[in-house]
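S.K.: With the hints as constraints, model all of the structure from the sequences given.
Number of protein chains: 2
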Amino acid sequence: MADMREQFTDLIRSLQNQICAAIEAVDGKEKFIEDRWERADGGGGITRVIANGNVFEKGGVNTSTVHGPVTDAIRTQLKVEGDSFFACGISLVIHPQSPMVPTVHANWRYFELYDKEGKVTDCWFGGGADLTPYVLFEQDAKHFHQCFKDSCDQFDAYFYPKYKQQCDNYFVNHHRNGERRGIGGIFYDYLRPNESMTAQALHNFAKAHGEAFIKAYIPIAERTKDLPFNEQQKHWQLIRRGRYVEFNLIHDRGTIFGLKSNGRTESILMSLPQEVRFEYNYQPQGDEELALQEVLLNPKEWV
Amino acid sequence: MADMREQFTDLIRSLQNQICAAIEAVDGKEKFIEDRWERADGGGGITRVIANGNVFEKGGVNTSTVHGPVTDAIRTQLKVEGDSFFACGISLVIHPQSPMVPTVHANWRYFELYDKEGKVTDCWFGGGADLTPYVLFEQDAKHFHQCFKDSCDQFDAYFYPKYKQQCDNYFVNHHRNGERRGIGGIFYDYLRPNESMTAQALHNFAKAHGEAFIKAYIPIAERTKDLPFNEQQKHWQLIRRGRYVEFNLIHDRGTIFGLKSNGRTESILMSLPQEVRFEYNYQPQGDEELALQEVLLNPKEWV
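These protein sequence lines map, in sequence, to chains A and B. For the working numbering, count along the first sequence from 1 and bump the result up by 385. For the working numbering, count along the second sequence from 1 and bump the result up by 385.
There's no promise every hint is true.
For identical chains, the list gives no copy identity; a pair is met inside one copy or between any two copies.
Simulated pairs of lysine-lysine, DSSO-like, Cα-Cα distance not exceeding 30 Å [as the list claims (entries may be wrong)]:
1. 685 to 600
2. 685 to 645
3. 414 to 619
4. 645 to 464
It is worth saying that the hints were derived from the structure and are not from the lab. It should be emphasised that the depicted structure is a prediction, and the values quoted were computed from it without experimental measurement.
M.R.: Below you can see the structure in the form of structure tokens.
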């Protein structure tokens, strides 16, 4: 399976290029800047960030390919045993300027563990994509979920409902009565190759979702980017971005693991929105805010 | 020692009143609003919040007095054994509008543990105060530290250097190369009564710091509140507030413990500043930002 490392690295680089190009095309003004970095213990990454665009206020599309000894931080946080590891993945978060355009996050990754002789003892795939609207447009929520249902259904009709639910169960602000970060999507982790889904099939599964991502998000951004909005909607977006920050810093396993295991802080925290607002005990005001709140507290079946 | 619960509760309520009155007097426009809340498992609190004032953008001065069974969350997070507990404390964070006025935080608390028969098996005091300037005025840093050195020195000349260092070691963004949240102050925890410091002396120690707080912070706020500032200074304040959010949500034991043990979220997160900015890889610009950065990376002896 040595070549799966290469294959997956190729996949994430290719997705990084395609997704950045698609985002830049929607934005029409700003381009991604690129920072290449190296990890002291082995490997490195390519961080691409866009900021202060016409459509996008702040966004990052990062890839990394890292390897090295299994440290205590890795052992504790990932609950794995092994002598050394390899991990590669793409992680992206795009925060638009307008509250009419939803924030989006996606991530696909591959992990291998080795024993002292360098033999692969374990490997798995993980990933997903989820949408965080500020003003809820049902048609967009349906479209986003439909795209990932389609990419799942190519493999197994059982996958979408399962990974949709896992997504609803993962992006939860537990300290806020179970309020979700957004309206979900799909989320899967620790998918190990087996008879029905080989490593190659799991690679293709990630690839299908990566391609679905562009079909899912870009048309929504295009449709909503020029819609007019008012101050109340902008204010609500800033409040909701505060909840995004809370989830990422308090609950997100990847963020916490990255920060505590000496990951590259700036690449990890590119996920935070640029302008954010925290108010004491803010309560949703008006039908629009209440409608969003309702689906965040009680996830819906969109398709 | 049953009356120490009452005594300490009286102390924090009295400090809450004095501090809120002093903050309102500086602000000159807004008053604190008060929310009283109850805890399902026992006890409750008084949350006071000020927002959108002349001088203060957002601040909270909270007291709570809670008790009940020692839950798994308490056992794990506080690393204590016991059947039931009592805890009371005051916690305050004040975020000014102007970048010339520093943010301030303070906290004093008392904890008791009981066995099955209700006998006190352990008790301790904790607390401290620390200053987070955006534009560094050495005279204010010195004044703030001097006030707490004075309140420490009344008890033991050994305390200030020790608790000053503990403060420098606690408010650290470990994921940012050890950058401190601010220029420190004092911090102490798990102070158990002994022959040289009885419970009464430890109560008086907290009381002395509570009174020192007003002498420490109010004159700084008065002196700096009308100073002119420019856009770059405001921008830097918003960036630094981002670091404040990072510390509180990623590293602060009290915040994480509160959120994970079903504390009152709105009272805990009153500590977050209202308007915040996160930029990718922001680097300090100009002498003023670099001067602050320098003392955040390398804490100074101010007195």
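S.K.: Would you list, in rising numerical order, the hints stated earlier that this structure does not obey?
M.R.: Nothing - there is no hint that the structure violates, so all of them hold.
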